[in-house]
Amino acid sequence: DSGVTQTPKHLITATGQRVTLRCSPRSGDLSVYWYQQSLDQGLQFLIQYYNGEERAKGNILERFSAQQFPDLHSELNLSSLELGDSALYFCASSVSGQGVFSEAFFGQGTRLTVV
Amino acid sequence: QQQVKQSPQSLIVQKGGISIINCAYENTAFDYFPWYQQFPGKGPALLIAIRPDVSEKKEGRFTISFNKSAKQFSLHIMDSQPGDSATYFCAGGYSGAGSYQLTFGKGTKLSVIP
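As given, the protein sequences belong to chains A and B, one line each in that order. Reminder that position 96 of the first sequence reads as 901 in the numbering used here, one-by-one numbering, no gaps. Reminder that position 22 of the second sequence reads as 3 in the numbering used here, one-by-one numbering, no gaps.
Honestly, I wouldn't trust all of these hints.
[Said to hold, decoys possible] Just a sample of chain B residues kept apart from chain A, beta carbon distances all over 12 Å, derived: (1) PRO(-11); (2) LEU(-8); (3) GLN(-5); (4) LYS(-4); (5) THR9; (6) GLN19; (7) LYS38; (8) GLY41; (9) PHE43; (10) THR44; (11) PRO63; (12) ASP65; (13) SER92; (14) ILE94.
[What the hints assert, rightly or not] No more than 25 Å apart at the CA atoms, straight line, and that leaves these computed lysine-lysine pairs for PhoX-like: (15) B:LYS87 <-> A:LYS814; (16) B:LYS90 <-> B:LYS39; (17) B:LYS23 <-> B:LYS(-14); (18) B:LYS90 <-> B:LYS23; (19) B:LYS90 <-> B:LYS(-4); (20) B:LYS23 <-> A:LYS814; (21) B:LYS38 <-> B:LYS87; (22) B:LYS90 <-> A:LYS814; (23) B:LYS39 <-> B:LYS87; (24) B:LYS87 <-> A:LYS862; (25) B:LYS(-14) <-> B:LYS52; (26) B:LYS(-14) <-> A:LYS862; (27) B:LYS52 <-> B:LYS39; (28) B:LYS90 <-> B:LYS(-14); (29) B:LYS52 <-> B:LYS38.
Hints in this document: simulated from the structure, not taken from any laboratory. Glycine residues also receive a C-beta, built at the ideal position from the N, C-alpha and C atoms.
Next up, chain A with everything else stripped away, as it sits in the complex (with noise of 0.2 Å):
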């Protein structure tokens, strides 16, 4: 158990909706990393938000937005959706991420299938 908790685990929901994916880091982790993960594109990092500011953007779609809130959770909002959004969407956190590496550590991903 890498102490970052993502939900929900699995989520079927039809084209043109809407859904929150939630993440919650390891205590102490003020970092916060979103990756989808695709059978065709691999890992790709979407963004990275650090004690409640955003800090990276990677390959994030203007349909998709993220926050982090004064509790460090976060939440990745993806909306008009499309079939291929269908993908494992992860979610990290480590301690820091101002140019001080520390070890990222992954949920256990939610799957979102798109119909």
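Chain B: place on chain A using the hints.
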């Protein structure tokens, strides 16, 4: 643009053999090179990592070899065991501008057969 190229996509090794997975990177700003192991239904977990000022790092049966001039690094698993069967991801880490990003390779599915 894929910044970390990983090969092979899949690998079958006999129990007791050596598993070798290779990665090449393009971004010279990377300053951290971790390997992650992922079992089905689980999130990736850090296996071993190296910084570019070191050419080799060994932890138990796992060794990273790093060639900065060639921009390549590899994972060697000695005495491979069936329990090592998993997908392995290499990554390049960049910690500039107050952020920390990992760019992953596409993964190698390792099967260790008894």
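These are the hints, each one checked on the structure:
Remark: the non-interface label on B:PRO(-11) is consistent with the geometry, its nearest Cβ contact in chain A lying 14 Å away (cut-off 12 Å). Every CB of chain A is more than 12 Å from the CB of B:LEU(-8) (nearest about 16 Å), matching its label as outside the interface. The non-interface label for B:GLN(-5) is consistent with chain A: the shortest C-beta to C-beta separation is roughly 27 Å, beyond 12 Å. Once the 12 Å rule is applied to beta carbons, B:LYS(-4) is consistent with being away from chain A; the minimum gap is 27 Å.
With a closest Cβ-Cβ approach of about 17 Å to chain A, B:THR9 is found to remain outside the 12 Å limit, as its non-interface label requires. Remark: the non-interface label on B:GLN19 conflicts with the geometry, its nearest Cβ contact in chain A lying 8 Å away (cut-off 12 Å). With a least CB separation of 14 Å from chain A, B:LYS38 remains clear of the 12 Å interface cut-off, as annotated. The beta carbon of B:GLY41 is kept farther than 12 Å from every beta carbon of chain A, the shortest such distance being approximately 17 Å.
The Cβ of B:PHE43 sits about 15 Å from the closest Cβ of chain A, beyond the 12 Å cut-off, so the non-interface label holds. Interface exclusion of B:THR44 from chain A stands, the closest Cβ pair being 19 Å apart, more than 12 Å. Remark: the non-interface label on B:PRO63 is consistent with the geometry, its nearest Cβ contact in chain A lying 23 Å away (cut-off 12 Å). Look at B:ASP65: its CB is around 19 Å from the nearest CB on chain A, clear of 12 Å, so calling it non-interface holds up.
Once the 12 Å rule is applied to beta carbons, B:SER92 is consistent with being away from chain A; the minimum gap is 17 Å. Remark: the non-interface label on B:ILE94 is consistent with the geometry, its nearest Cβ contact in chain A lying 23 Å away (cut-off 12 Å). Between B:LYS87 and A:LYS814, the direct Cα distance comes to roughly 23 Å. Compliance with the 25 Å bound is thereby established for this hinted pair. Proposed proximity of B:LYS90 and B:LYS39 is supported: the alpha carbons are some 21 Å apart, at most 25 Å.
For the given pair, B:LYS23 sits about 23 Å from B:LYS(-14) by alpha-carbon distance, which is consistent with the 25 Å threshold. The straight-line distance between the Cα atoms of B:LYS90 and B:LYS23 is roughly 14 Å, inside the 25 Å bound, and the hint therefore holds. Restraint check: the Cα-Cα separation between B:LYS90 and B:LYS(-4) comes to about 15 Å, which is no more than 25 Å; the hinted pair holds. For the given pair, B:LYS23 sits about 11 Å from A:LYS814 by alpha-carbon distance, which is consistent with the 25 Å threshold.
At most 25 Å may separate the alpha-carbon atoms for a hinted pair to count; B:LYS38 and B:LYS87 meet this at roughly 22 Å. Note on B:LYS90 and A:LYS814: the hinted pairing holds, with a Cα-Cα distance of about 23 Å set against a maximum of 25 Å. This hinted pair checks out: B:LYS39 and B:LYS87 have alpha carbons roughly 23 Å apart, not beyond 25 Å. Distance check on the hinted pair: B:LYS87 and A:LYS862 sit about 19 Å apart at the alpha-carbon level, within 25 Å; holds.
Between B:LYS(-14) and B:LYS52 the alpha-carbon distance is near 11 Å, which keeps this suggested pair within the 25 Å criterion. Restraint check for B:LYS(-14) and A:LYS862: the C-alpha separation of about 21 Å stays at or below 25 Å, so the hint holds. With a CA separation close to 19 Å, the supplied pair B:LYS52 and B:LYS39 stays within the 25 Å bound. Between B:LYS90 and B:LYS(-14), the direct Cα distance comes to roughly 14 Å. Compliance with the 25 Å bound is thereby established for this hinted pair.
Between B:LYS52 and B:LYS38 the CA atoms are separated by roughly 16 Å; this keeps the pair inside 25 Å, and the hint holds.
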